[in-house]
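Residue numbers (the UniProt record's numbering), protein chains in the order written: chain P, 1 to 365; chain Z, 1 to 291.
Honestly, the hints are just simulated from the structure, not real lab data.
Just to be clear, a hint being listed does not mean it is correct.
[Unchecked claim] From chain Z, some residues computed to sit far from chain P (all C-beta separations above 10 Å): (1) I68; (2) T94; (3) V97; (4) F109; (5) G112; (6) Q120; (7) P125; (8) I150; (9) T153; (10) F159; (11) A168; (12) A213; (13) Y262; (14) L272.
[As the list claims (entries may be wrong)] Label-pair restraints from in silico Cβ distances: (15) L83(Z) <-> P196(P): 50 to 60 Å; (16) G152(P) <-> K164(Z): 55 to 65 Å; (17) A213(P) <-> L177(Z): 45 to 55 Å; (18) G183(Z) <-> S290(P): 33 to 43 Å; (19) L177(Z) <-> S207(P): 18 to 28 Å; (20) L177(Z) <-> T339(P): 33 to 43 Å; (21) E56(Z) <-> W146(P): 29 to 39 Å; (22) F344(P) <-> F277(Z): 36 to 46 Å; (23) G183(Z) <-> W16(P): 31 to 41 Å; (24) P286(P) <-> P125(Z): 40 to 50 Å; (25) W146(P) <-> A273(Z): 54 to 64 Å; (26) F344(P) <-> P119(Z): 36 to 46 Å.
[To be verified] Some chain P residues judged to face chain Z by a derived CB distance under 10 Å, without partners named: (27) G68; (28) L72; (29) I184; (30) G188; (31) Y189; (32) I190; (33) L261.
Cβ atoms here follow ideal geometry from the backbone N, Cα and C, with glycine treated the same way.
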Amino acid sequence: MRIVFKTNYMQDIRPWKDGYQLSLYLILLAVVFAAPFFMDAFYLGEMTNVLIWAIAGLGLMILTGHTGQASLGHAAFLAMGCYANIILLDAGVPFMIAFPLAGILTGIIGMVIAIPALRLHGIYLAIATMAMSILVDDIIVLTEPWTGGVGGKYAPPVNIFGFMVDRWGTPREFYYLVLVVSVIVTLGYINLLRAPLGRSFIALRDSEVSAQAMGIDVARTKAISFAISCGITGLAGALMGLFAGAFNNETFSVVISIQLLMMIVIGGLGSIHGAFFGAIIVGFLPQFLSIAKEWVGAIAGGSSVAIPGLEFGIFGMILIIFILFEPMGIYGRWFKIRTWFELFPFYRKDMFKRQKSYLKTERLR
Amino acid sequence: MDNLQLLISGLANGCVYGLIALGFVLIYKATEAVNFAQGDFMMLGAFVTIGLTNTEYMGLPFWVALPISLGVMAALGYLLDRLVIRRMFGQSQTAVVILTIALGFVIRFVAGLIWGHEPQSLENPLAGKEVSFGGLVLGLEDVAVIIVTILLTWGLYEFFNRTKLGMAMQGASQNQLAAYYMGVPVKRVQGLIWGLAGAVACVAGILFAAKGAVDPNTGLMGIKAFAAAVIGGFGSLPGALAGGLIVGVIEPFASRYVAAGYSQIAPYALLLAVLIFRPHGLFSQVRVKKV
């Protein structure tokens, strides 16, 4: 049993609870920074993929997990970030300027899109963003002179302070690039949640009406949330484009949007850990399934069979199980286990029991 | 004359969209949840009927297979509510949205496992026949789709207004608590509505598979039905049907008169325009939320 003894008020808003927790995260950071020295290129590539998904997940988490606005269209912002980055690079802008600029541009576009979308709630917002995600596919084809249309575009290797960073040529450098971006984004996210802005996001999520009564400008806060969320997603999109090497209008389809939302739900809505846990599931599930298929094929004594759509089928089943039995996702389960150890003999079974809730109707008649 | 031909085929497509949208609206009205898997229900209904009717599967006569597949889909809808959706009672709309999207993935996967990923069409008594009214040549399927949709809508209208169960469903959808006080078994009624939505999806699937071909990804067409439901205002049954017809008619005209590349945008652009300018649809029912 561990007791955190608080001696001053700053401890309440410090990003870490105590030295023990801080040291755990520092050890984790050291391990991921040392990863290239004990991992081969294939698994390093997988790690990079997971981290890119995690950044995208963090972007969506701000909007869906902390502001409570479900978006089924974030692949559109991935696409915008990706194309903005590559178009700027092709125009001769150095990567260190093009990359943040891609994020900022995506954020601004996201805010502009958010202004009409602010009037929409719940499912209407989800449907509108979904329609937008479908439209982006067609828009990329229509703006062929810039985007390359169906033929797509190829990502050039990028130059960072004299280092040439390329997904295939120098996987280790590319991994460090993604890792540094994800660490910066995560630290920014933690700080955002401590700041008044992040608090007002959470207030909006929990009750729009009470947030308004507390003096929060609902429309402005939602627009800022959209902007930050889209900006981070744009950064992830730029990295995704560099990671994929080649992409076209179908790379960022609406299915990616749906997968992104499902990912953060599996990981745990409303927690930074959730984005990373979800990304691990999304990143490693295909590998795990192909290994499992070979294994089953070897036992059944034949060649492994190809089952189209298996990945999404399994993904859907995992998601259904989580929503029904652990709505807080993997993070929620981990949190419960951690609490059990922290409170060792005093953990009660009903500690996290959900309260009975009734549907509040949105209709008047 | 060409325009009339386009109009009729657009109306026939629109009826299918309208029927899927009808399923959305039925469930939304009853439970305030949106079933994102409704398009996949339609696909599954089509495949169940194909599995019963087509000669390479069971080869039953069409009129025997029809009630069986309707029953199967209604039972599936009811069981889905009973076993999965009801556990979500009182949780946020977003959670239900994500749950039904996941259900859609699973349904698509299962359908692909059983019936494969090749497009298949339903062997039906009307296939390939045509009727002509003074120079206007129409596929008999298109005419049948329109007639069946009109009959089904009329039947649903009568059901909701004349029968005791229909009135109970209306009551439960308008105010769950008040309906419960009046002795309506709200949970069972909601289950029945899911069953009804399953059956309506099955009809839409049969009509769609008779006109064209289905494969497991046909369910994604449900997104167009969303456009229909949103244009209709999500809360009204005639609105959903009208929205479906609008989307269905716009599509062929857009592909004929608008430059290639822009035409497939039309339904979604209309959807976004409606959401921006009339957020609660052309036939709106929802007002500002009160505390």
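To see whether the hints hold, each was checked on the structure:
1. I68: holds (26 Å)
2. T94: With a cut-off of 10 Å, T94(Z) comes too close to chain P, as the shortest Cβ separation is near 4 Å.
3. V97: Non-interface label on V97(Z) violated, nearest chain P Cβ at 6 Å vs cutoff 10 Å.
4. F109: With a cut-off of 10 Å, F109(Z) comes too close to chain P, as the shortest Cβ separation is near 3 Å.
5. G112: violated (5 Å)
6. Q120: About 16 Å separates Q120(Z) from the closest Cβ of chain P, which puts it past 10 Å; holds.
7. P125: Since the minimum Cβ distance to chain P is about 32 Å, P125(Z) lies beyond 10 Å and the statement holds.
8. I150: Check passes; 27 Å lies beyond 10 Å.
9. T153: holds (22 Å)
10. F159: holds (21 Å)
11. A168: It holds; A168(Z) is separated from chain P by about 17 Å at its closest Cβ, greater than 10 Å.
12. A213: holds (18 Å)
13. Y262: Incorrect as stated: the minimum Cβ-Cβ distance to chain P is 7 Å, not above 10 Å.
14. L272: violated (5 Å)
15. L83(Z) <-> P196(P): 50 to 60 Å: At roughly 44 Å between Cβ atoms, P196(P) and L83(Z) fall outside 50 to 60 Å, so the hint is violated.
16. G152(P) <-> K164(Z): 55 to 65 Å: holds (60 Å)
17. A213(P) <-> L177(Z): 45 to 55 Å: violated (25 Å)
18. G183(Z) <-> S290(P): 33 to 43 Å: Since G183(Z) and S290(P) have Cβ atoms about 56 Å apart, the given range 33 to 43 Å is violated.
19. L177(Z) <-> S207(P): 18 to 28 Å: holds (21 Å)
20. L177(Z) <-> T339(P): 33 to 43 Å: holds (36 Å)
21. E56(Z) <-> W146(P): 29 to 39 Å: Between E56(Z) and W146(P), where Cβ atoms are some 48 Å apart, the hint is violated.
22. F344(P) <-> F277(Z): 36 to 46 Å: With Cβ atoms ~59 Å apart, the hint is violated.
23. G183(Z) <-> W16(P): 31 to 41 Å: Violated - the Cβ-Cβ distance for G183(Z) and W16(P), about 56 Å, lies outside 31 to 41 Å.
24. P286(P) <-> P125(Z): 40 to 50 Å: Cβ of P286(P) to Cβ of P125(Z): about 45 Å, so the range 40 to 50 Å holds.
25. W146(P) <-> A273(Z): 54 to 64 Å: violated (25 Å)
26. F344(P) <-> P119(Z): 36 to 46 Å: violated (59 Å)
27. G68: holds (8 Å)
28. L72: At 8 Å from the nearest chain Z Cβ, L72(P) passes the 10 Å test, so the hint holds.
29. I184: Violated, about 29 Å.
30. G188: violated (25 Å)
31. Y189: With a minimum Cβ separation of about 21 Å from chain Z (threshold 10 Å), the hint on Y189(P) is violated.
32. I190: This interface hint is violated because 24 Å lies over the 10 Å limit.
33. L261: It holds, given that the least Cβ distance between L261(P) and chain Z is near 7 Å, below 10 Å.
When the structure is compared with the earlier hints, violations turn up for hints 2, 3, 4, 5, 13, 14, 15, 17, 18, 21, 22, 23, 25, 26, 29, 30, 31, 32 and for no others.
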